[in-house]
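Undergrad: Listed below are the residues making up each chain.
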Amino acid sequence: MLSLNASQRDAILAACIRALPNEGCGLLLGARDVVTDVVDSPNVADSAKLYEVDPRVLLSATRHADDQGIDVLGVFHSHTHSEAYPSPTDVAQAPDPSWHYLIVSLRDAPVMRSFRVLEGSVVEEPLSIGA
Amino acid sequence: MSTQQVMNQRDDERGVMAAVLRVPTVLRPAMGGASVIVVEGDTVGEVLLRLTATYPAVKRQLLNPDGTLHRFLNVYVNDDDVRYLGGVDASIANNDEITLLPAVAGGAT
Chain A
2 MLSLNASQRD AILAACIRAL PNEGCGLLLG ARDVVTDVVD SPNVADSAKL YEVDPRVLLS
62 ATRHADDQGI DVLGVFHSHT HSEAYPSPTD VAQAPDPSWH YLIVSLRDAP VMRSFRVLEG
122 SVVEEPLSIG A
Chain B
30 MSTQQVMNQR DDERGVMAAV LRVPTVLRPA MGGASVIVVE GDTVGEVLLR LTATYPAVKR
90 QLLNPDGTLH RFLNVYVNDD DVRYLGGVDA SIANNDEITL LPAVAGGAT
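From first to last, the protein sequence lines stand for chains A and B. Read in order, the letters of the first sequence correspond to residues 2 to 132 in the numbering used here. Read in order, the letters of the second sequence correspond to residues 30 to 138 in the numbering used here.
Accuracy of the hints is not assured; some may be wrong.
Example chain A residues on the side facing chain B (calculated, C-beta under 7 angstroms, incomplete) [as the list claims (entries may be wrong)]:
#: 1; residue: L30
#: 2; residue: K50
#: 3; residue: E53
#: 4; residue: D55
#: 5; residue: H80
#: 6; residue: T90
20 angstroms max Cα-Cα, derived EDC-like pairs, lysine to aspartate or glutamate [unchecked claim]:
#: 7; chain 1: B; residue 1: K88; chain 2: B; residue 2: D71
#: 8; chain 1: A; residue 1: K50; chain 2: A; residue 2: D72
#: 9; chain 1: B; residue 1: K88; chain 2: A; residue 2: E84
#: 10; chain 1: B; residue 1: K88; chain 2: A; residue 2: E120
Source of the hints: derived by calculation from the structure; they are not laboratory data. A virtual CB, placed ideally from N, CA and C, is assigned to each residue, including glycine.
Bound-form chain B, shown alone (with noise of 0.2 angstroms):
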């Protein structure tokens, strides 16, 4: 299913709240292949439970064991980082995408 065949249906034929992730391509193998996720929740931290005890393999790449989000990935709810929107408790609305972008970092030292 596409992401805007996602996107245009109706939410009372999904029955709960579901966001549109975008798995970046280091992820994919480990996500089955997939580079678009439709995931159940109310909160980033939700998402993001939902999606690893589906895909273990990437839990320790997204979260810490504390639960909150690892220091390398940024996640985006739309256009908004959510380490502004409270981090793992950010609010998740329908049909909103969520984009995890791995950290791009390194450097001489």
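Pulled out of the complex, with its shape left as it was, chain A reads as follows (with noise of 0.2 angstroms):
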């Protein structure tokens, strides 16, 4: 399960429609699969079908966590037209098999769901939204 708060599902949100018409992303900080910091990058893939989390803000973000004992959880993106689910594309470069993968869609009312990728395969986890 991954857990954040509404202001961060907020936040998440708003990166995600801010980067229209291309997908939006960031990551996210935290511990024991509990969200304390959500980082908006920009899109350097600059598509509106594939996204590129900037490294530099992947650097800073990762220095971070390491200075405030965190870890870097996971990672947000946005589908513009089509499902909130993990594409081959998002199976095929899931960079690392301990991370959360959160997927808005933006195909009409947005949707958030959240995953873990493991080897190959999808697994949906619960999505826990608190006050």
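With the hints in hand, could you dock these two chains into one complex?
TA: This is how it looks when you write it as structure tokens:
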């Protein structure tokens, strides 16, 4: 399960909407599957169908996490015209099996779902959104 | 030995140039669980070759067969992306911090 609060959920949605017409993306920092920081990133792929977190943002976030004694828990990104489910590209390029993969669909009303990707297999996990 | 202890160690005690390498979580299981490793080398390429000689399981995630950097791997020497420093030919100075960052990418396609 991935846990975040309403403010973090809103920050993720806002980042994805700001990125339109391209896919939005960013990192989730925290500990023990609880998000403490949402880090928005430019999509350096500059595409409505692909995303890539800016490596400089990843570097900065990794150092911040180390300094704070927390972890990079995962990544969020948006699908502008398809469902909130990992695509074959998402699965093939998932960088870390310990990560949470949060996907926002902006095809219609925003939908947010979270997944784990383990050795090419996708498993949806509960997403807890607190107050 | 902590990162700071390594960086405080005198150069002549180590004997040769060495960099402190930060290991991303995805590679730690194949590298003995270490989050920080001291690796000798004058260039990024030498450091990665020594690293992969010790931990051969990570070689194909770091380097192409021709010895160039894997396209989904970002390598920073301190704050600089080595792509702009000559890639595997980028020079390393004592106590430089090398950070390995697998690319975070994907998309609906």
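Undergrad: Now tell me, hint by hint, if it's right for this structure.
TA: Hints, verified against the model:
1. Annotation: L30(A) was flagged as interfacial toward chain B, and the flag is violated, the nearest CB pair being 13 angstroms apart, outside 7 angstroms.
2. Annotation: interface hint on K50(A) holds; nearest CB of chain B at approximately 4 angstroms, less than 7 angstroms.
3. A least Cβ separation of about 4 angstroms between E53(A) and chain B falls short of the 7 angstroms threshold, and the interface hint therefore holds.
4. For D55(A), the shortest C-beta to C-beta distance to chain B is roughly 9 angstroms, which exceeds 7 angstroms, and the interface hint is violated.
5. At about 4 angstroms, the closest approach between the beta carbon of H80(A) and any beta carbon in chain B falls short of 7 angstroms, and the interface hint on this residue holds.
6. Interface hint at T90(A): satisfied, since its Cβ lies 5 angstroms from the closest Cβ of chain B, which is below the 7 angstroms cut-off.
7. Note on K88(B) and D71(B): the hinted pairing holds, with a Cα-Cα distance of about 19 angstroms set against a maximum of 20 angstroms.
8. In summary, the hint linking K50(A) to D72(A) is not supported, as the alpha carbons are separated by about 28 angstroms, beyond the 20 angstroms threshold.
9. A C-alpha spacing of about 35 angstroms is found between K88(B) and E84(A), which places the hinted pair above 20 angstroms, so the restraint is violated.
10. At roughly 18 angstroms between alpha-carbon atoms, K88(B) and E120(A) fall within 20 angstroms of each other, so this suggested pair holds.
Of the numbered hints stated above, those contradicted by the structure are hints 1, 4, 8, 9, listed in ascending order.
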